[in-house]
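So the sequence lines, in the order shown, correspond to chains A and B. Taking this note's numbering, the leading residue of the first sequence gets 217, the next gets one more, and so forth. Taking this note's numbering, the leading residue of the second sequence gets 904, the next gets one more, and so forth.
By construction, these hints were calculated from the structure, which means they are not laboratory data. A hint or two may mislead.
Stated by the list, open to error - Derived DSS-like pairs: lysine-lysine, alpha-carbon spacing no greater than 25 Å straight-line:
1) B:1072 with A:571
2) A:571 with B:1114
3) A:568 with B:1072
4) B:1087 with A:491
5) A:495 with A:422
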Amino acid sequence: MKTWIRTWIKTAVFIPLLLVLGGCWDRTELNDLALITALAFDKVENNQVRATVQFVLPQNQSGGGTTGGGAMGGGAARRTSVRSETGFDITDALSKLQRVIPREMFWGQCRIYIFSESVARTGIREHLDFLIRFPETRERAYMFVSKGEAASALELFPPIENSSAEVLRKLSDLRIGIRVTMHQLSLMLSGDSRTAILPMIYILPKTESAGPFQTIPYLLGSAVFKNDKMVGQISERVTKGVLWLRNEVKGYTVVFKPEGSEGLMSLKPVKANVKLIPKIEGETWKMTVRVRTEGDIIQNGTIMDPMNPQLLAVISKGFKDDVRKRIESALYEVQRRHKTDVFNFAQTFQRKYPKQWEKMKDRWDEQFSKVEVNTEIEAKILRPGLISSPEGVPKEEVKKK
Amino acid sequence: MLEKGKISAFQMGLMMYPTVLASGFLVLPTITAQFAQNDLWLTGILAALTGLVTVYTVTRLHELYPGQTVVQYSEQILGKIPGKVIGLAYITYNLHATGGVTRQYAEFVTGNFLYKTPLLIIMGSLILLSAIAVRGGVETLARSTVIFLPAFIFPVFFLLLLLPDLDVKAIFPVLNHGVTPVIKGSFSMMGWMNELFLMTFLLPSVTDPEKGRKWGYISMITITLFLTYSSLIALFLLGPNLGSRVYPILIAFRYVSVGSFLENLESLLLAMWVIGNFLQVGIFLYAATLSFAQCFQLADYRPIVFPLALLSLIIGIWDVPNFPVFGLLVRSAVPFHILSTYLLIPLLLLAVASLRKRKTSRKEG
């Protein structure tokens, strides 16, 4: 009798448990969520901030790529939509945004955060605090600064990807320009030099045949931050030099003119390994930039035969000089004009000379522009590509020596 | 003898691993980094030394008074009344620790995963599960450790996938601010290491107690290695930011991305954290129950498991008003709590006990 009651009690307890344990009672399914793909920060009057989110329109996702495009009246399928709202800070704006988005905002897929230039110039600290403190955002998301309004980059309907956010992510993943994740940005700003660099985005002028808003945002140059404020902008050319100094060169193209020749020589992919070696001698702080780089020839506009070791040495020297020029122009621009240590010299000094660094810490800004930089470059050309001697040049005219 | 179950020394060593690490490895990197910054990996050495002392003390005491736990032999060593006082201290402290560990687990889960679930549900479900395990006796605890431990250890190796994102040079400059910050940072880690003293409640059930010390040391060394490993990964990833991140290992798990398909591994961390905390709370609750039963000389400890579990749940909720206070507690008070209950009292007991033994042997001789 007793065991009979026990069995019943157990069953009475466990059957309701089964109902709860399935997790169905508070499930959140995909059609309860608005998948946010990008968030843009813009500045409006009264020191308020405008948040613009781009979210996925689910019904247009399937089949969108090939057939859907034509069905949408010739233009690109509208696979995303944007909403924006203004608030005292970003959280305020986002909570207001939820009022105009019927589904709960889901941040796990948001990989793109864009600050407008005016927001960047007034300071991004409070926004970054939110992004890092909020548990739903991802540290691997990419950060950008937009020229002009940040929201306009999200309003576009790119012809090739599903959303402009996806375009920005793919462009960043090509590693042509600078690529900064939220985690890296926070590291840079809390590092010893308290500087940061973020890629700038512009909107590509649309082609004539494209419909309205049918274009993409793209990356060009970069924005330089001191503390948490944007202090300047550097060109694409200088950004490439900065990439060398930050040791972020991967699959790069280098075009240069070897000594004593008419045409140009192009190398791709160029790989590089860059080491910063700090040295303090008395009052002067020195930095040696040791670059080891190598590349394959992809185009030869000269009449030199790269298979000839002597000529190859000439070509290599041209390569080396070009790398030096790139680095030096970046140094000149950043060190003398912006006086902002985006190369993280501060950290290398701090790690090697902690005592001297402690004394210099507060005066680093002025000291940085005084650091003497030497370059030690070792440049190698490894392969000639598929052809050895220059194409379309008769054998007799090819320069052999 | 209250506990009829039998475990092996090897099982005991395994049980100690989650006891120290489950709560330790998620928060210790931050706490030690706040004091020692980039020298946090050195704190393991000092902590290992205290771990050595703890393991030696507890096994030596068990050699002197075989088959007894600290609650029992403290009465023999110090006399009835002081012994009972120490017994009471262990009851309260073990209950308090059970509550604290559960609270820490629940804070992590509500803060990062189940935002809407009340604290009570999360804490209650874990304590209930652990209480059921404790009611099953020490063998149940030991077997669940053996079964679940791989699931607790294995995910840690996924952190190696972070290798491309790690900056090994973040370790420099070594000892920039001298040894003092390292010693300060060691205190919390030493506290965690002292939890190895909970072996005292397991040793009487061990069939081969002579191997207890060996497995204690092995467990201690693996714990130190794992703590140092996770601290270093956190340091290499977060650098100067480490001290300001509440759960650095969570960030590390979230940051893993291999070929953009192996991502968002934090669910793995949560699974691991649930398993580890279940085992840890189980051991702590078992220690609290056993100390209570032995202090008041009960015939069986099973009837009091659920009441004590409820008590520790209440302690866990009432003890701490919010996370900042909890953080302050863990940083500044807990190391000294643990240090005094799990290291200083046993050392005192050992000192008195060896004096007594010498006295009696001199009388005999």
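Checked hints:
With a C-alpha separation of about 17 Å, the suggested pair residue 1072 of chain B and residue 571 of chain A falls inside the 25 Å cut-off, and the hint holds. Of the supplied pair hints, the one linking residue 571 of chain A and residue 1114 of chain B is violated, its CA atoms being roughly 49 Å apart against a limit of 25 Å. For the hint pairing residue 568 of chain A with residue 1072 of chain B, the CA-to-CA distance comes to about 10 Å; that is within 25 Å, so the pair holds. For the proposed pair residue 1087 of chain B and residue 491 of chain A, the alpha carbon gap of about 35 Å is over 25 Å, so the pair is violated.
Under the criterion of a C-alpha separation no larger than 25 Å, the hint pairing residue 495 of chain A with residue 422 of chain A is inconsistent with the structure, at around 50 Å.
Violation of the numbered hints given earlier is confined to hints 2, 4, 5; the remaining hints are satisfied by the structure.
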